[in-house]
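Place chain B on chain A using the hints.
Below are the chains, spelled out letter by letter.
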Amino acid sequence: MGYDVKIQRLELNAIIDLQGDPKAIKNWIKDVDLPDFPDIPNSSSTNQKFKLYWVGLEHWLLRAEIELEDRLLEMTNPSAAPIEVSLVQVSDAFKFFEVIGPDAAEIISIASPIDHHLSVFPDNGVSYTNIFGIKGLLIRVNNGFEIAVESSYADLMADFLQRANA
Amino acid sequence: MSKDLFRQPQGGLIDRSQTISFQFNGTTYQGYSGDSLASALIANGVFLTARSFKYHRPRGIVGSGYEEPSSLVELIGDEESGNQPITRVQIRPGLNARSVNCWPSPNFDLMAVNQYVSKLIPAAFYYKTFKWPNWHFFEPSIRRAAGLASAPKNIHHQGHYETRYAHYDILIVGAGPAGLIAALQAARSGARVMLADDGLESGGSLLSQHVKIDGKEAIDWVRETTASLDAMDNVTRLTEATVWAYREHNLLVITERSPATQNVFQRSWRVRAKQVLIATGAIERNLVFANNDRPGVMMASAIQSYVNRYAAKPGKRAVLFANNSSIYAVARDLRASGVELVAIIDSRSNVNDLPEDLQDIQVFRNYVVEQCHGTKRLRAITIKNTETAEKTKIDCDLLGISGGWNPTVHLFSQSRGKVKYDANLATFIPGESVQACQCIGSASAIFTLQKVMQDAVQKTLQALDLDQSNAILLPQLEPEAEYSIQALWHVDLNESLCSKSFIDIQNDVTLSDVHLAMREGFDAVEHVKRYTTAGMGIDQGKTGNLNVIGAIALKKGCAPDEIGTTTFRSPFVPIEFGALTGTREGSVYLPYRHTSITQWNKDHGAEMYEAGARWRRPGYYPRSGESFQETVNRESRVVREGLAVYDGAPLGKFEIKGPDALKLIDMLYTNNFDSLKIGMGRYGLMLNEDGIIFDDGVTFKLAENHYIMSTSTGNADAVNQHMEFFLQTHRPDWQVKITTITTQWANATLCGPKAREMMQALGTDIDLSNEAFPFMAMREGKVGDFKARVCRVSFTGELSFEINVRSRDSLALWETIMEVGMPFNISPVGSESNHVLRVEKGFLSLGHEADGTTTPFDLGLNWIMSKTKTDYIGKKANEIRLAENPSRWQLVGLLPDDPNELIDESAPITPGGRREASEGFVTACVWSVVHNRVIALALLENGQSRMDETIYIRRKDHVVTAKVTAPCFYDAKGQLLRS
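Chains as they are written, first to last, in the numbering used here: chain A, -9 to 156; chain B, 671 to 1649.
None of these hints come from the bench; they were simulated from the model.
Take these hints with a grain of salt, some might be off.
[Stated by the list, open to error] Across the chosen pairs, the derived CB separations fall in these ranges: (1) B/1274 to A/47: 40 to 50 Å; (2) A/17 to B/1139: 50 to 60 Å; (3) A/31 to B/1206: 41 to 51 Å; (4) A/57 to B/1482: 15 to 25 Å; (5) A/31 to B/890: 48 to 58 Å; (6) A/47 to B/1295: 50 to 60 Å; (7) B/1533 to A/17: 37 to 47 Å; (8) A/46 to B/1582: 19 to 29 Å; (9) A/107 to B/1141: 22 to 32 Å; (10) B/1627 to A/46: 52 to 62 Å; (11) B/1576 to A/46: 40 to 50 Å; (12) B/1274 to A/17: 46 to 56 Å; (13) B/898 to A/57: 31 to 41 Å; (14) B/1553 to A/31: 41 to 51 Å.
[As the list claims (entries may be wrong)] Not the full set, but computed from the structure, chain A residues with beta-carbon under 8 Å of chain B: (15) 0; (16) 1; (17) 99; (18) 150.
Using N, Cα and C, we set each Cβ at its ideal position, and we do this for glycine too.
Next up, chain A with everything else stripped away, as it sits in the complex (with noise of 0.2 Å):
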């Protein structure tokens, strides 16, 4: 191996695709324990159950432990949202690797050509970007890095992190 780091597939998170007016979000899912909404594009905020990550104009992501899927989507109740709330089950639609150790930055500059660096990828930075050439969501964790990309790239990013790292 080329790097102190460990690089591993994630088990399936529940995650939601939320989108449209925050107002109107807040207000239907006003009973689900969220964390407050992230107050700078490409960031996160996070409670002991929730993360929720703004990753575009009037876009979110709700991610939780899958567990608590079932029970989210009962609260959420997407098929009878108002119009001008979107809320979608993405959670099998998402694969999560972590990049985690010493030089998990070393991997997510091989991977991706966006700037990482602290001063301007916080510790709460969340941000669509290309990873290995497929459009991914890099999220920095303690430690290190979580890269989300769809599901059916899943093998290939394997492929590409272990190569990365070999």
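Only chain B this time, still in chain A's reference frame:
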């Protein structure tokens, strides 16, 4: 090793405690750690190291770095490589190198006969020869003779290539004095700094000169400075790293040849910098006179490098020849090394800047070297007074030449900055920058060390927008004379000597060749370059290009700035292809996508294809003993007569919701969607703005203004872009949100007459009757243990149920289906049989009938073109097209007269089968399991009005006749899929 003759007893930056053996042209030599192959050979008294490209003239070592124009080697054995300049190879244990382009050796080369026919092979002779009887007659011989070293056959290096990205506040290219002080200034200001240098260690020109900085040897200052930089977290310092390209928006490309990371052989960086400082120094140029290519003729700065850095002595009896004042520092160092300096030839008139300590050296002012004598080694020169023409012969075995200094402006020029000619310096210098970059030090035509450092600090402050109070203290430096030069593009010679005066040493281009090009009308600098190949070798003319420009200017009687330069192109030095691709090789060379069933398919022997958008899908599932056609026939029959299943997961899927969702759907598709009921779907055709078919698919209505759109597999991403582009640029006022759910939902599609029975066997709470669940409906419920959305769509023309589940459930669903389906003899089928089935039905396929030129009208899809919608994408274009040219290639079916002959897709249809402009082509041809014969689809001019006509299809070596028929061969009314 000739230790005593050609190596100084002490000094240099080599490590004399480590002796290294190496081989060159089959002979073993020894050198020291830190030696280049060039310096080690010089120290061993080896001066004949190469043969020239065309004439196979004896050649030696000319330079000391990447500018080396003369000696190329290839490495053999464990480090097998292609062409390498001899000056860029470091000696190491086991090194085995040989000269290229000579056989059997540089000392005796059979191809040296070319010298005797040199008059017959001037520049561009190949444009006028090899014509009769046919140039292909000569081609094999030319190909065998072409090139220098061979490409290596095996990969021996340990580790892999890596590419990576990086961002810095400031990138400094070159770690000579300017680069080092700039890096120190930037780093102490807190900026994120990258310093990249091509050399084995930082220092640049300071490694080859005896100068004092702060009272110490320059090398001590270099090492202290680099140690300070290495101690700072905000600095990345690279050595053996060439910055070889400058792209838009301050993106630069660097290849690091020996990164410290284990298992990484070479690393390429793509660096985005807010500011760039180009500290690439200057390159000394050649002087042009007769036989200036003989072994023993070297660049003066290279001599300085060999005596100072490598403690080697490139000769015993030396003369120096220059048109500028930099020669005197070389003279000083040469004398100090113990080489006898016989004379200095200074071509400048009315200049006397000879330093005090060199007054005892004989200086020939207003003289030039007219020619060299000696063949395999220099033995004498003839010099000539430029005013009186008086000639003198001087014996020598080493001639150091300096034609002046050219700022290394290559990267600056690539950044689109303009260069301009400076008559005082007789060179092109950087002009105005276009991107956020500046040249510093010698790269900006500053040639005294004091001013180099001052310039570097000031420009760094400017780049970082800092004021003077942030300036670091400059070191103490010795006083230096200003640089002075008088242009000498070539020595004035008669034409016979011009033919032996090399202006581009690497490609054997002489002054005569430049004059020949101009006589033949090629007098623009870019034409001279291409006609003569001057500047087109591996060295890219680093030591000779400006002399070419000067020679053209002299001939035309104008100034060099009126001639201009040729385009500076990347890479600055040769780069290995592997360094460009990095990890993108082998299994990841092309991206691939898998479904949850991919592994099951592979485990069950499926032949996997790429099926659009990088998805790997099963083409067919061969069984032992079956031919390809038998397998496809079997799978097709299963669908038509029994029960089959296929993995439809890759189909593009989008959830579309918002108050304006229906408006968007209606704008995207040609048909109306406003009457669509909840729980129902509708087939839609999507056009581009030119009215050409772009995509098709079924869109289901979940609720008011809430839809699920399906697209083709291959076009899913393109449709997504198309929708977003339209919304963001044409209708940003529309409130619509699009969520990609392609991989959220996977599906297994049951198809065949037994599909409904199979659904019942699986167990479901959905009413499967045709009344409750008609064709094109979607129902939610349970199928087996799985929550599912089931859709009645059909791509095969048979009764079908598309069972959509969460992707995490799809493998379990698939395995359940295979188990429950056993009594039905269920079979998985792939894309090959799907293709057969859709041809039988006449369903369009993107890439076949919809080939980027066809409209819905061409394919008989008039029924889907709404007559009531006021607008949709592509509407206007089709109206215009129909009005202007009603004659189009239209979709038809074909029944070949020979029912067993399969016809190639894209085979042209021509009038009478004659070899003339086609009137159509075959878009698909398959063996029909329903009709037990070959059927085809085609696009045919005015096809819809040519039913029952016989047409002619040209195959490779014969013509096939076929009858035109309707483009549907099975269940034209669609009763089966609606059953």
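Mind listing which of the numbered hints don't hold for this structure, in increasing order?
When the structure is compared with the hints, numbers 8, 13, 15, 16 turn out to be violated.
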